[in-house]
Every structure is written in structure tokens, then in C-alpha cells.
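Residue numbers (this note's numbering), protein chains in the order written: chain A, 2 to 280; chain B, 2 to 280; chain C, 2 to 280; chain D, 2 to 280.
Simulated from the structure, these hints should not be mistaken for laboratory data.
Note that the structure is predicted; figures quoted are calculated from it, not measured.
Certain hints may be false.
Pairs involving identical chains hold if they fit within one copy or between any two copies, as the list cannot separate such chains.
Claimed, not checked - Simulated crosslink set (BS3-like; lysine-lysine; CA at most 30 Å straight-line): (1) 56 to 72; (2) 38 to 269; (3) 145 to 240; (4) 3 to 240; (5) 262 to 72.
Protein chains: 4
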Amino acid sequence: MKLCHFQAGLDQPVFLISGPCVIESEQLALDTAGLLKEMTDRLGIPFIYKSSFDKANRSSSRSFRGPGLEKGLQILETVKRVIGVPVLTDVHEDTPLAEVAAVVDVLQTPAFLCRQTNFIRNVAAQGLPVNIKKGQFLAPWDMKHVVDKARETGNTQIMVCERGVSFGYNTLVSDMRGLAVMRETGCPVVFDATHSVQQPGGRGASSGGQREFVPVLARAAVASGVAGLFMETHPDPDKALSDGPNAWPLPHLEALLNTLKALDDVVKAQGFIEQQFLN
Amino acid sequence: MKLCHFQAGLDQPVFLISGPCVIESEQLALDTAGLLKEMTDRLGIPFIYKSSFDKANRSSSRSFRGPGLEKGLQILETVKRVIGVPVLTDVHEDTPLAEVAAVVDVLQTPAFLCRQTNFIRNVAAQGLPVNIKKGQFLAPWDMKHVVDKARETGNTQIMVCERGVSFGYNTLVSDMRGLAVMRETGCPVVFDATHSVQQPGGRGASSGGQREFVPVLARAAVASGVAGLFMETHPDPDKALSDGPNAWPLPHLEALLNTLKALDDVVKAQGFIEQQFLN
Amino acid sequence: MKLCHFQAGLDQPVFLISGPCVIESEQLALDTAGLLKEMTDRLGIPFIYKSSFDKANRSSSRSFRGPGLEKGLQILETVKRVIGVPVLTDVHEDTPLAEVAAVVDVLQTPAFLCRQTNFIRNVAAQGLPVNIKKGQFLAPWDMKHVVDKARETGNTQIMVCERGVSFGYNTLVSDMRGLAVMRETGCPVVFDATHSVQQPGGRGASSGGQREFVPVLARAAVASGVAGLFMETHPDPDKALSDGPNAWPLPHLEALLNTLKALDDVVKAQGFIEQQFLN
Amino acid sequence: MKLCHFQAGLDQPVFLISGPCVIESEQLALDTAGLLKEMTDRLGIPFIYKSSFDKANRSSSRSFRGPGLEKGLQILETVKRVIGVPVLTDVHEDTPLAEVAAVVDVLQTPAFLCRQTNFIRNVAAQGLPVNIKKGQFLAPWDMKHVVDKARETGNTQIMVCERGVSFGYNTLVSDMRGLAVMRETGCPVVFDATHSVQQPGGRGASSGGQREFVPVLARAAVASGVAGLFMETHPDPDKALSDGPNAWPLPHLEALLNTLKALDDVVKAQGFIEQQFLN
Numbered sequence: 002m003k004l005c006h007f008q009a010g011l012d013q014p015v016f017l018i019s020g021p022c023v024i025e026s027e028q029l030a031l032d033t034a035g036l037l038k039e040m041t042d043r044l045g046i047p048f049i050y051k052s053s054f055d056k057a058n059r060s061s062s063r064s065f066r067g068p069g070l071e072k073g074l075q076i077l078e079t080v081k082r083v084i085g086v087p088v089l090t091d092v093h094e095d096t097p098l099a100e101v102a103a104v105v106d107v108l109q110t111p112a113f114l115c116r117q118t119n120f121i122r123n124v125a126a127q128g129l130p131v132n133i134k135k136g137q138f139l140a141p142w143d144m145k146h147v148v149d150k151a152r153e154t155g156n157t158q159i160m161v162c163e164r165g166v167s168f169g170y171n172t173l174v175s176d177m178r179g180l181a182v183m184r185e186t187g188c189p190v191v192f193d194a195t196h197s198v199q200q201p202g203g204r205g206a207s208s209g210g211q212r213e214f215v216p217v218l219a220r221a222a223v224a225s226g227v228a229g230l231f232m233e234t235h236p237d238p239d240k241a242l243s244d245g246p247n248a249w250p251l252p253h254l255e256a257l258l259n260t261l262k263a264l265d266d267v268v269k270a271q272g273f274i275e276q277q278f279l280n
Numbered sequence: 002m003k004l005c006h007f008q009a010g011l012d013q014p015v016f017l018i019s020g021p022c023v024i025e026s027e028q029l030a031l032d033t034a035g036l037l038k039e040m041t042d043r044l045g046i047p048f049i050y051k052s053s054f055d056k057a058n059r060s061s062s063r064s065f066r067g068p069g070l071e072k073g074l075q076i077l078e079t080v081k082r083v084i085g086v087p088v089l090t091d092v093h094e095d096t097p098l099a100e101v102a103a104v105v106d107v108l109q110t111p112a113f114l115c116r117q118t119n120f121i122r123n124v125a126a127q128g129l130p131v132n133i134k135k136g137q138f139l140a141p142w143d144m145k146h147v148v149d150k151a152r153e154t155g156n157t158q159i160m161v162c163e164r165g166v167s168f169g170y171n172t173l174v175s176d177m178r179g180l181a182v183m184r185e186t187g188c189p190v191v192f193d194a195t196h197s198v199q200q201p202g203g204r205g206a207s208s209g210g211q212r213e214f215v216p217v218l219a220r221a222a223v224a225s226g227v228a229g230l231f232m233e234t235h236p237d238p239d240k241a242l243s244d245g246p247n248a249w250p251l252p253h254l255e256a257l258l259n260t261l262k263a264l265d266d267v268v269k270a271q272g273f274i275e276q277q278f279l280n
Numbered sequence: 002m003k004l005c006h007f008q009a010g011l012d013q014p015v016f017l018i019s020g021p022c023v024i025e026s027e028q029l030a031l032d033t034a035g036l037l038k039e040m041t042d043r044l045g046i047p048f049i050y051k052s053s054f055d056k057a058n059r060s061s062s063r064s065f066r067g068p069g070l071e072k073g074l075q076i077l078e079t080v081k082r083v084i085g086v087p088v089l090t091d092v093h094e095d096t097p098l099a100e101v102a103a104v105v106d107v108l109q110t111p112a113f114l115c116r117q118t119n120f121i122r123n124v125a126a127q128g129l130p131v132n133i134k135k136g137q138f139l140a141p142w143d144m145k146h147v148v149d150k151a152r153e154t155g156n157t158q159i160m161v162c163e164r165g166v167s168f169g170y171n172t173l174v175s176d177m178r179g180l181a182v183m184r185e186t187g188c189p190v191v192f193d194a195t196h197s198v199q200q201p202g203g204r205g206a207s208s209g210g211q212r213e214f215v216p217v218l219a220r221a222a223v224a225s226g227v228a229g230l231f232m233e234t235h236p237d238p239d240k241a242l243s244d245g246p247n248a249w250p251l252p253h254l255e256a257l258l259n260t261l262k263a264l265d266d267v268v269k270a271q272g273f274i275e276q277q278f279l280n
Numbered sequence: 002m003k004l005c006h007f008q009a010g011l012d013q014p015v016f017l018i019s020g021p022c023v024i025e026s027e028q029l030a031l032d033t034a035g036l037l038k039e040m041t042d043r044l045g046i047p048f049i050y051k052s053s054f055d056k057a058n059r060s061s062s063r064s065f066r067g068p069g070l071e072k073g074l075q076i077l078e079t080v081k082r083v084i085g086v087p088v089l090t091d092v093h094e095d096t097p098l099a100e101v102a103a104v105v106d107v108l109q110t111p112a113f114l115c116r117q118t119n120f121i122r123n124v125a126a127q128g129l130p131v132n133i134k135k136g137q138f139l140a141p142w143d144m145k146h147v148v149d150k151a152r153e154t155g156n157t158q159i160m161v162c163e164r165g166v167s168f169g170y171n172t173l174v175s176d177m178r179g180l181a182v183m184r185e186t187g188c189p190v191v192f193d194a195t196h197s198v199q200q201p202g203g204r205g206a207s208s209g210g211q212r213e214f215v216p217v218l219a220r221a222a223v224a225s226g227v228a229g230l231f232m233e234t235h236p237d238p239d240k241a242l243s244d245g246p247n248a249w250p251l252p253h254l255e256a257l258l259n260t261l262k263a264l265d266d267v268v269k270a271q272g273f274i275e276q277q278f279l280n
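Could you put together the complete structure from these sequences and hints?
Below, the structure is given as C-alpha cells:
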């Protein structure tokens, strides 16, 4: 599948969607996008910049939600123009979709909303590539129905994204089998390595996270076989205004990407023997 | 808490929210509401009629979604006027809330949407009692943050509703501890006995259900201690246009309610000894 | 089914298996057994005294394991003779079964060992009633195979016991549907209300527990419909040498049993409507 | 850690434990061991042959259990002598440990028995390397207590093995974070790629399996970082007498191992960046 300026798929090099969880300031956005572009260029990893203008589903209403739509879109437009990278942002049920779609290159739908039929259709109908996150409550084989709803709009650029499944309370687990199962949708499969280590609600009024497992799960997913990776990053995660506990520190990102790229090269050269056994 | 024409709480008789999942026709709505009213009057169970005008989050886009907003509200208004019962319906992110709030007595929010801050606030801001369903991905102690968001609008008539938590794929489990935990929100706690036996996505393009466990879980919840019960019913569940596999057959409902009322009387007369041990 | 001096089943009054987790001393055993006998006699609840001589599967090897076989059996024999109650103890793969069977009235097998074929058969072959705890890893419908193995020895006095199922890490959940499912084994179904609130390994080197939920789950199970209840108790759980955090305080037991007995009377008088829907 | 004729650890090439689940015949044992030895020699993968003489914990008592102790040990001894490979077998609570330890090179303990203190100690006390499988009900951080019990015997050659954790009913999930967590025991961590795709009890009287996911999970585990892999294999899994549905077909094994070896080389050359973030 063509995605922005590159091809995405199990037979293509792994791509990266990355950036700080929420847009904190124009300067931070430009700085992180610039560093990420240089880094991914060096490694030969196609890159899409991600950041949110409004975190509509924070655990508590006292959490920082972002700069809002207008200011957020303006910053994303600046990133796109100045740094020269495609940008992705997530939209919600009350987002003016056309306004967002006029600026960004890729739309993303939140995991909690994957079963909202009208919403998924409205987003897909914008005609941009869409990254659909699988709900924490959904079996991987049930993503096929979600994808069908999106495709009924005529949009063929649909990606599906694993970000962990509910496992008891306040914990997610990443089922690597799901990555293979979701291939059968025909969509590029993306693994979200930072939300997968979230501990939803695990710190009382905000979500916790286990940053130390980001590299473990990212390596596992790449070796399982994915089209792309999603990883939130921050120059100083302990000071991040959203999802700091599960963000991967930007100063350690190139080292991690280097390993992931090497694994991706190996596994894609070797092929996916399970395809002979999946019906 | 005052709810419609009665008092709701752990020190009050259990109330019932019931009706067919989706509004199939005016006649079916009137017939079921009439039978439910007579039955609950006989048993001394305060009653609210429930039915949906649009099932926005069906597994597949080929499923029946209901009569739509206008026709649906007209039928609910007729039920209310002709049968003389309060009515509840569920709303979604794209529902015109004021239109619905002008007709119904209680609003209900879907489990998948319990973390959508704007939505929860907008619904609560209508000033009607709200039944907030707990997400299948949420720990019971995390409902306190959801309730806080709703209460910030000034609405004090908030209920919380357990409807099962994700347990592996395509299955839910009902954790009766959660009913006690959610008491600490100060809201009346409702147990949804029919969605709790849903098998999400369990039949391919639609959800399955285990009707045979409805009485087991309903009895367990009443004995655990709840303010109210939610149970979808249908004169002939195998012909229901939505959620038939988990609906409880109307012809068997009075027998079940009779048992539940007797259990509720016993447990509320005896008191809840755990309150001494919960901090 | 005949069990010790009474009949056990869904059409019989609920019975109780109770006592301190581990035999701490002869005096404590006699005191607790005496109080439990008086209390259950007052309430008309058939009673079996339970205590362990060796906790073979403690989380850490530094935990107290009990008085050992010889001393333990001697104390159980004294309890039986002096107090006049039947006694139950749990056995392990290296327990000399015949020695234990010569003293006690009921044998119990640990949840972790429910899939050990030889063990289950050897225990059943002693010819005493056996309470088989369902593994935390087992689906309720799979207990049928365990029961089949036990019955192949010719023993017909088999009970099955729910004690929670794994739910993420360090937590169990009690699925009340399982109590109905396990009826289909034809065995009396017992609910273990104190191990169900265990948090396995939840306190580092020992297991934690949530005592406050014992009454909630016990009421839920009785209303779901069980033949018997299992509840560990202790005069002062905070000083108990094993499983204190989930033991129910003896001074609060009669109040709880009073409620449970009342619920059991109601539910068994009303009948189990789900039986018409279970195949 | 020294293991048989090689070094095992996160800084050493991945080793393989493999063979048919149960010893079906001497001929099959010799044939499979011979092919496995040649294959692993070609790939530079240290190899230990695995097969069971008695499957003591089959779902149903009508399943094939193996040739028994005497015949089984004789076959393992023949494999060892004729093929020149170290052999591993699993032991149970009623296994005469010294007899087995006199023949095999490595002992393995079943997942269900990981919390049986006496058993774990008795096995460790044989002085051979022991592969301890983590229970399906155990959190990875709780393996530390199991390892402590084993080490108290003076045995320093302890391995820990992940084989999936309970995830709802009849399903396991492999949590790759657990592989990193268990490193902190100081023991070589092994991933069991074939039992991890078991569906316990999932086919009624026997366990099902999802063979197609073996390569996915094996690749994920190797990229997460493990000392060794465990994979049951069979020349014709559909005819295997035990665990056929989850065995990996021997004719496809070399292709899979080739990929795994390449991934292991990459990841171990790159290092494990998470070690800086784990405390």
C-alpha cells in the first residue's frame, strides 16, 4: 500500500510513526520532528510525525489536554512545511474532520472508538490514509469488521494498529499472535510500542507506564512481522505533559531504531513461514 | 438519590431498567412496556423502560440499527404517555442530546465511550439522570474519575453500571467485587445482567450471548448489593433484531424478578457487613 | 449426595467448610471448632471443620508451613472426638494418603494439582468424600474431565470447588457462571469465598488478600446457587500464620452466616430458572 | 551458566530444547534426535533432546500417556549414546527422581507444579540442571521465589521457562515482558514456543493448539532476548500421540531455526537497551 511518500507492507522496510504524545509547543514540535527526521533518514526508515492537539480521553479532567484544534493544526502545518515530513494526528467524535484532513497526511482513530460505526466511516470518508487502533477490548480477528466499515467508504488506505489488550485490571498485554491475525485484513499492520506498556488508570488519576518494556515489545513485534511501528517519544519523558511514563526517551531512540531496523531486515529477508499454515 | 418517581440506593428496593435492546416497532414497544409495567407493579419494583433508537456500535455494518432518532423518540414519547412509565435511552457522540433529553427521563452512555471526556460532560450537562456504563476495559475503582467528570457539570443524578469486563478474547466476566467498589463513588450502582453475558464478536459478524447465565448473574448481583438492575428482554429473543442471544425472554421475566425481589429484600434487611472493612 | 452426617446438593441447605487455614495449635483448633459448631448449630448449617497440617505450596520457603503430618493428624483427631464435628484436610502429592484417610472425614485436593491424574485418582481411591478445587487456570467446563478421573476409582462422593480464576497477574476473579456450569458434573458445587479474594504473590514473598470482599462474593455465590461454602476463618486474622489477609474474622462470622443462610433459603425455595435454558 | 556441553545466557547463542512431546517408539526417538542433531550442528545451535516418558497431566484419562518410566529411560539412554546428544525429560511428583537423574542430563518441572515446594526442592536436589516452567497462573516476578527454593538445595544450574499465561478460558497469551522480568532471577530464560500456543482443554477432552503461531511467537521471543528456546516437533504432527495440534512439523524446522538464529545473532550483537531502565 502506498502511504505518504513510501510503500508500506510486510514486504517493505518497517516505517515509523513517532513524536511526543501531545503538542506541547511549536518549538518542541519542530525540534523533535527535526531530530526524528535526521535519525530516520540515517537509518533508511520511512517516517511520519505524530502529535495530538487534544487528548480527549484523559483519565482525569485535571490533566493537560493540548493546545486545541486551531493552534495544534497550525503547529502541525509548520512541522510539515519546515521539516518536510508527513504528519499524523488522532481525531475524535467531535473533531471537525475536514479541517484536520486539510492539514495532516494521515488520520488516526483512538482505540476506545474502534466500534463507533459512524465515526470510523466519517474518518475514512476524508480520503486520507487512516491508522485504526484496535480497542483494548477487541479480539484481533474482529478488526476485520472494523476495516470493512472503513472500506465501505471507498478508502483503500487503511492501517490497523495493535496497542495491547486488557489483561486483568490496569494492565495490558501484547499478544504477538494478533499481529499475524490482523494481516488477514490485507491492511498494513502497525505495532504501538508505547501505549502497549501503559498501565491504564494505574496511578490513580492518570495512567502509568512501563517504559523499560518498550524496547522488548518493539523488538518482539518487528520480529513477529509488522509494516510499521508507532512509538511516542519525548526529549525528557519525566517532564512530558501526557503519557510520560510510557514515552521512549528521544536520546535513546536512535540506538533502539538501529536494532529494530536490523531485525526488520533479517525477518523480511527470511520470510514468514507461518503464512503456509494460516488459512 | 431521587430517580424519576422513586428513591434509588443501597437502602432502597431494587429498581429495574428493562425493555427490548432496540425499538423494533411502536406496537412492540407499547406491548412490552405494558407488560413490564404490570409485572413490576405487582412485585413492587420501580421500573424504567429502556430501548434504543440507533445501535451505533454494532459489530458489523450489516446489522439492524433501529428506527433512527426522530421515529425512535416519537415511539418513546408514546410509551411514556400511554403506559405511564419513565423512559431511558442510550446516546452516542453524534446524538443531538437536547432533542433526546426533551423526551426521555434518563440518559445512558455506552460502555465504549466512558472515557470520552467531552461526551460524558455533554450528556451530564443535559440535567437528566445519567446511567454511565463502565467500559469493558476499565477497573471499577477508575469509575470515580468518570463520575467526577460528570459531576463537574453540576449534575448530581449519576448512576454507574457494571456490564462485564474483558476476560481473554470474545468473553466478559462479571466481577461482583466491582459492585462494592463502585459504591464508593456515592452513585447508585446498577448491574446489567444481559450485556454481561454477551460474547463480544463471538459469532463472527455479530455478538453472541449466553442467555442461560442471566438469572445466575442477576441473582449474584442482587445478593452482592445493588441499587438497580438492567436487563434487556424480548417476547421472543430468537427473533429479536439486536442482542437476541443475550436477551431474557419476557415470558420468563416475572418468575425471575420474583426471585430477585425476594433476595433483594433479604440482603437489604440484613445489611452489608463489608462496609466495616472497606476504607 | 450423602456427605458425612448430612445431604449435600442444590436441593439441600447450604453446608459450611470452615476453620483456620493452618493448624496453629491444639488449643486454637479446639477453640475455633467449638465456636464454629455452636454457631452453625444455631443457624441449622451442616458443618465440617477444615485445617491444614502442611502448607506445601507457600509462595516463599520462609513461610510457616504447619505442624506436619503426625502432630497435625493428632490434633484433627482430637477436634473430631472432643467437639464432635467431621474434619477435612488437604493432601498433596507426597502425603501418605492412607494415614490421613484413617483420621479425617473428607479429603481436599489443591487447585494447582487438579490436573495431576495419578494424584486425583489416588486421593479418590481412599474412598472418602473428596473436595476437588478447580485450578486457577481451568475453565469450569473442563472440571468434568477431572471428575471423570476421580469417579473411575469407584468413588461417588466427589465435590467440585470454585476458588477464583486467573485474571491478569496477582489477581483472581470469581466467575459466578462457573458455579452453574459445574453443576453439570452432577457433583455438589462448593464456593471457596476466602481463597477467591487472594492476591496470589501480591505482597512479594507472600500472597495478599482482600478480606473486605469475602461477604460480597459469598452472598453472590449463595444466590447463584451452591451446595456448600468454604471459608477460612481466624479469631484474629492479622495474627494468622497463613493466609491472614483473606481469612474472615471469626467474631464477624455468625453475622455473615446469618445473611447467607437467609439468602440460601430464599434461592432454594424459588428454584433455579436457568436449568430450563442449560442444555 | 554452563549447561551440558555449552554456555547458556543472554550473552551466548540461543540453544534449543526439542523433540516429540512424548516418546512414541525407540525408532521415532532415534530418527528425530538424529535429524535434530544434524540440523542444529549445521546452524551452530547448541541442542538438547527432549521427550516425555509419561504425560501425567493429560486433560482426559483416555489419552495416551507414554511408554512409562523403565522403557522410556531406556530409549532416552539409547538416544544419548547413539546420537550423542544430551537429553532432557520432565518429572512429576511421583517420579523416582534418582532413577531418572541417573540417565538424563537435564530435568524439567511442569508448569502446574511450580508452586509445589517439596517437589521443586527434590528435583533441584538431584544436582542436574533444571528447567522450571512458569505456571500459567504465575506472574513473571513471582518466579524469583520458585528459583530461591530450588537454589536453597545448592543447585546453581536453574533455568526458568515461559510457556504462556492464562488469558480468559482455554487460551494462553505470551507476555514478552515476562522474558525480561525473569532475567532478574539470574537464570537463563527459555521460551517454550509450542506450549504457548496450546489451547488448554480447547477441544473438549484434549487440548487444542495453534501451530501457525509457533514461528510468530518464537521470533518474538528471540528478538525479546532469551537464552534458549523450547519447541516440540514431530515428523507428522497430525499423527502425534500427544500435543500434535501445537507441535511444529520437523520438515519445516530447519527453515524456522535458520530465521531464529539470524535474529538471535542480530539482537545479541546489538545488546539489550532496556537493561539501563530496569532497576
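Q) Are there hints from earlier that the structure breaks, and if so, what are their numbers? A) 4, 5
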